[in-house]
Amino acid sequence: LVILLLAPGAGQDVGRSCILVSIAGKNVMLDCGMHMGYNDDRRFPDFSYITQNGRLTDFLDCVIISHFHLDHCGALPYFSEMVGYDGPIYMTHPTKAICPILLEDYRKITVDKKGEINFFTSQMIKDCMKKVVAVHLHQTVQVDEELEIKAYYAGHVLGAAMFQIKVGCESVVYTGDYNMTPDRHLGAAWIDKCRPDLLITESTYATTIRDSKRCRERDFLKKVHETVERGGKVLIPVFALGRAQELCILLETFWERMNLKAPIYFSTGLTEKANHYYKLFITWTNQKIRKTFVQRNMFEFKHIKAFDRAFADNPGPMVVFATPGMLHAGQSLQIFRKWAGNEKNMVIMPGYCVQGTVGHKILSGQRKLEMEGRQILEVKMQVEYMSFSAHADAKGIMQLIRQAEPRNVLLVHGEAKKMEFLKQKIEQEFHVSCYMPANGETTTILTNPSIPVDISLGLLKRETAIGLLPDVKKPKLMHGTLIMKDNSFRLVSPEQALKELGLAEHQLRFTCRVHIQDPRKEHETVLRVYNHLKGVLKDYSVQHLPDGSITVESILIQATAHSEDQGTKVLLVSWTYQDEELGSYLTSLLKKGLPQSTS
Amino acid sequence: MAAHLKKRVYEEFTKVVQQQHEDLSAKKLRLTKPSKSAALHVDLCKATSPTDALQYLLQFARKPVEVESVEGVVRILLEHYYKENDASVRLKIASLLGLLSKTAGFSPDCIVDDAINTLQNEKSHQVLAQLLDTLLVIGTKLTENPSVRMRLVEVACKHLTDSSHGVRNKCLQLIGCLGPVEKGVAKEAENQAAKDVQKIIGDHFNDQDPRVRTAAIKAMLQLHERGLKLQQAIYSQACKLLADDYEQVRSAAVQLIWVLSQLYPESIVPIPSSNEEIRLVDDAFGKICHMVSDGSWVVRVQAAKLLGSMQQVSSHFLEQTLDKKLMSDLRRKRTAHERAKELYSSGEFSSGRKWGDDAPKEEIDTGAVNLIESGACGAFVHGLEDEMYEVRIAAVEALCMLAQSSPSFAEKCLDFLVDMFNDEIEEVRLQSIHTMRKISNNITLREDQLDTVLAVLEDSSRDIREALHELLCCTNVSTKEGIHLALVELLKNLTKYPTDRESIWKCLKFLGSRHPTLVLPLVPELLSTHPFFDTPEPDMDDPAYIAVLVLIFNAAKSCPTMPALFSDHTFRHYAYLRDSLSHLVPPLRLPGRKLVSSPVSPSITPHEDPSQQFLHQSLERVYNLQHLDPQGIQELLEFTIRDLQRLGELQSELAGMADFTATYLQCQLLLIKALQEKLWNVAAPLYLKQNALASAAAKQILEETYKMEFMYSGVESRQVVIIHHMRLQAKALQLIVTARTTRGVEPLFGMCEKFLQEVDSFQRCFISELPHMQGSFVDKLLDLMPRLVTSKPSEVVKILQTTLRQSTFLHLPLPEQLHRATANIIEPTGESDNPLRFTSGLVVALDVDATLEHVQDPQGTVKVQVLYPDGQAQIIHPKPADFRNPGPGRHRLITQVYLSHTAWTEPCQIEVRLLLAYNSNRSKASAKIPKATWSESLEALPQSENGIEGTIPFSKPVKVYIMPKPARR
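Protein chains in written order, with my numbering: chain A, 1 to 599; chain B, 1001 to 1969.
Heads up, a few of these hints could be off.
Unchecked claim - Only some residues are given here: those of chain A computed to face chain B with a beta carbon under 8 Å:
| # | residue |
| --- | --- |
| 1 | His138 |
| 2 | Ser212 |
| 3 | Arg218 |
By construction, these hints were calculated from the structure, which means they are not laboratory data.
In this text the structure is predicted, and so the values were computed from the model without any measurement.
Note that the Cβ used here is the ideal one computed from N, Cα and C, for glycine as well.
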């Protein structure tokens, strides 16, 4: 059987996550993201890959969205309303709540600010959301009779989940983005030992092992604190949701502890709504917040206020969180342009930046940027990078693989040359095959599915009773008759099978003659053989019958003198096919001859 | 005398035994016809359906069964067991059998055979499991009977092949609890089945049911606990179990591996897939470290905890646990800790402005990077970063234990502990601060670490701040900048939280005395002295200034050059502080300043031996007072008491001892005074006044004896005897006084009887001590006992009076350590003039903060008392969680007291004080006597003697101004 995997986006690339999995005849689309770096058709995945002609709804059984970041759900309205898809879309409750806000914000920026046409509308977002089915953590959702999905906690952002997709006994786990170390507001990803056939994991930080989060936090706070004490302004470009909340909690507690007065602003609009959802979905946050929200909900900030555009020109120190996170558009870019000229100021990039964005450019060291309208912007402010991005690092990815114990691993959502390294490591450590398809590439993974067979209780009990103790790990050999009838498999006892099929029972016996050089009389030979066998086969019942034959279990051995040569005795060994193993062993044993010492 | 005593004892003893015999025989007679079992039998026969029978059994189970009828009941139950077809009823019967065999005093060996027989024909798995459970109960009651145990183990082995996990579970449990521990005995006992219990259990490590696997490991651990030495061969099996799918199996396997690593630390095990070999303890350590990143947090907690107790592990393995190779885009990166250390060692303190040092350095060989490390790599890094705070706390505890045994590891883990000071959960922060304090002998803080540590001083939680002060008390700081930084931060802390005053001063005291050389260069700056100009004299009442002085004076103690830098007013302030805050300011030898220092210091210079000698001398003197005339005795006692009290004030180490003896002498003095009254001989009604005096004395003695018994920690039984003896004397005095004042004989009968009973119980409790008490009141009394019992109350009184006068004064042997329980209410301070206003009928919460010293079991004994002006008193029991334990012998009570009252016209003061509750039942003397030996005979005694409950106030009362306002309508 085959798991097909198409990656319209996301393969060996960050941004535009979109993976198509075909498992046991079911087609599932995982995530439906857009690319931040492009403003043309390339920003959405190429859905024509999926079906050349024919409706998507007929082809896809369901769509799963792992979390609300736009590179994982940005193309959803386009996909469902403009391309046309009417099947179910699955996401967790927080994702369903927050996703439309982000889509609407994205739409506003593209349509209202840049004036693009032929983009999805607010109504389309609403219609799209109507198709969404929300799932709980660890809830098994039966999509149809065979396909079932289950969500696991993934950390990363509020509501992020890993999904297990299962058809029959074949299963795939898709991680989406996840985080193996807890942070100030979310816990760590967790999965049970589900042993999927395939684990599709992100690999953003395939080649990084990070320092402990406490050091990172302290570094961050130190940088902010020092800039503020110097009277500088700090710009922290963030996505409206996710990292922003973590950093807010961090700064808020720090301000409270150090009794600092410099204002902290958060770009308006999204903030209140977003924090509202964080307050609501307390169960999805980390242990500390869950424990203390009765006294005080951590998301009710005291020091952090809403930002107004006019504040950017205010004198004196301040800290501003602005969207979007990669400095490619919107408020963060505006503020960046204003502050870039002053070396007292600082911009802290707390996460990953996609190639082609301003954020990526300044991080890679460019000091002169070409802006729209051929303006050249000289960057004098300090540029800092803090790895606050909540993706698992190489160790985390390995840890997840260890937890889930998959039979195959497939890397997506990362850069090709970094994946190469991780791939090699995974193959080396876990001895499982690892794949890293490019965009549009199809990977075929052969699975070794187990086929369930019905067995009657009587037979099962009888067979288990035969051997010694049942052993968990080892397969157990059973004797029975397999009946394949009406697309079902049954294992029944031979007697019953005969009865069902109306056949008579036949017995099959093998006989074999063994020549032994022994000048003695027949009964003496028999006695020698008997003694020999008794010595060798301690665990079996060896009997010497009065009629001069030997039985070992059901095997019969008789000795006659050779008609021509009296010195040669012919041993007749006869056994039923059930005792084939023992019988052939006995013959080979006898062929070796009798030991000379037993005279 | 002694012979007489022996005789008495013998009499007592035989009497008791005889009674038992009588009882037993009588009970045995009844056994043949147990009414209870008969009733049960009738009930069960009546039962028509299984549900009915079940109901009867359930009802039956609610009532306890007397020891003597247990066997009969068991027989009836067994009879029905065989008859019963319904499995649920059989199950209940089986569980009842177990319950009955638990009955105290019942020996179940008579039903062993029957119980084993029941197993034979049982088909239901549940009933089988329950029966095995019953056998386990029986087996545990018959531990000293090896043959029964062997039989039971055999039965269990037989059922191990059962297909139900429940039955296998119970079998393993039974084998674990009863399996033979001593090999030799095992072989003798059962020759044909001389099986190795360990092998049998080990076979079930691979059972198909996880519950059975868990039970097997638990049984193995049980065997270990019972003293069987586990075989090393199990180790490899246990290692495989670490990869089990089920968390309870993994959790138990981790324990088993730990046990084995403690048993065979030095054995050599091979590393799979290579030819190398390592010590078993190292291997086990690596494996347990691996479990710190397990999927289940229960296992993680378990693993992290156990790591702490693996002290034999070799140091390079240990240090790996803190190691985590960082890389970024395949280039090696140094951790923040490494960078900080490097900056420090290069002599330049991290300004934080150079962030280029963050950049990744050398390229990494891709082949050499081991992502899932097989060893202990980074176990603690992971553990300390864990999602669940339970795991983090366990990891911190483990770090603490390992660091205590390895100084080099302590040095290395410092960075990580310092990081934990910023954990988001307070318990974790607190735990890591405590840990740091415990290992502080092995470490010296770098400046950057100190910086992080001191930042926590601004924490709003008082516990954290105080823990940090404690920590600073015993840390080593490496530079003078560090000291300065610490001082500045502590002063900042002082202004922010003025209530921390005491704790900060104490902290600076130790900081100063630990680092005299580092403080020395800071002195001019700290005192703001100037070589040419006189600076204004600082305000002496400023807590911050006092704090600075405490630091300097303590440093000056071991740095003779320092006083030369002081200005005049500093010396004056020294003299003042030395007197007012003598516990914080040490005596200094100030050259050329005899005027200030010399008259004070030599007289106080602590020298333990002389003062202890003084204590003993004065006691010796007192013990000879028998030979003095009454007047002399009184005077001597008075002087000695005064001396002792003063000594207690001066020498805090001897305060407990001195107070204790002073109290004892005080009691004696009171007794003597009461007896010396010349007016005893005259007729009663005339001497009401004198009676009042004597009875008051008796009362006071009683009170003081309770104080002596319960307020001091470290009191041994020798002292308890003497205290009780004194109490007995006081009671005798009371009796005499009452006899003198009351007319009529009726009430005296009761009192006399009661008193005699008390003497009796005294004798029982302290029989072993009696030989030491020759010539004492009790000794004489016991001699006269036969006469006392028969004589009339008036005669008894007369005898008592004479004995009381003639009896000698008992020596009070002093224990090694004696501390008086003290309490000091820090808050409320009682200084506020602003009344606490609240609406009458509603409640107001008053924060109470107190330190308790040398209080045993404060949760049970310390109460808060509130006294209202109208005489109404209220006693509040603080919650157990309100007590913290900052150090040995010290406790801290932080609680809230709810006040309420009807409306007052004007504000008034209420008194808050702490009480120490006692209960003579819990007294140290009676605790030592097993109850069973004398409880029967004591039953006749009034309960009041058995359990006098009372309270001793042991803190100064604090006044709080409150004002309940009338409610507005």
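May I ask which of the numbered hints given earlier this structure violates, with the numbers listed in increasing order? 1
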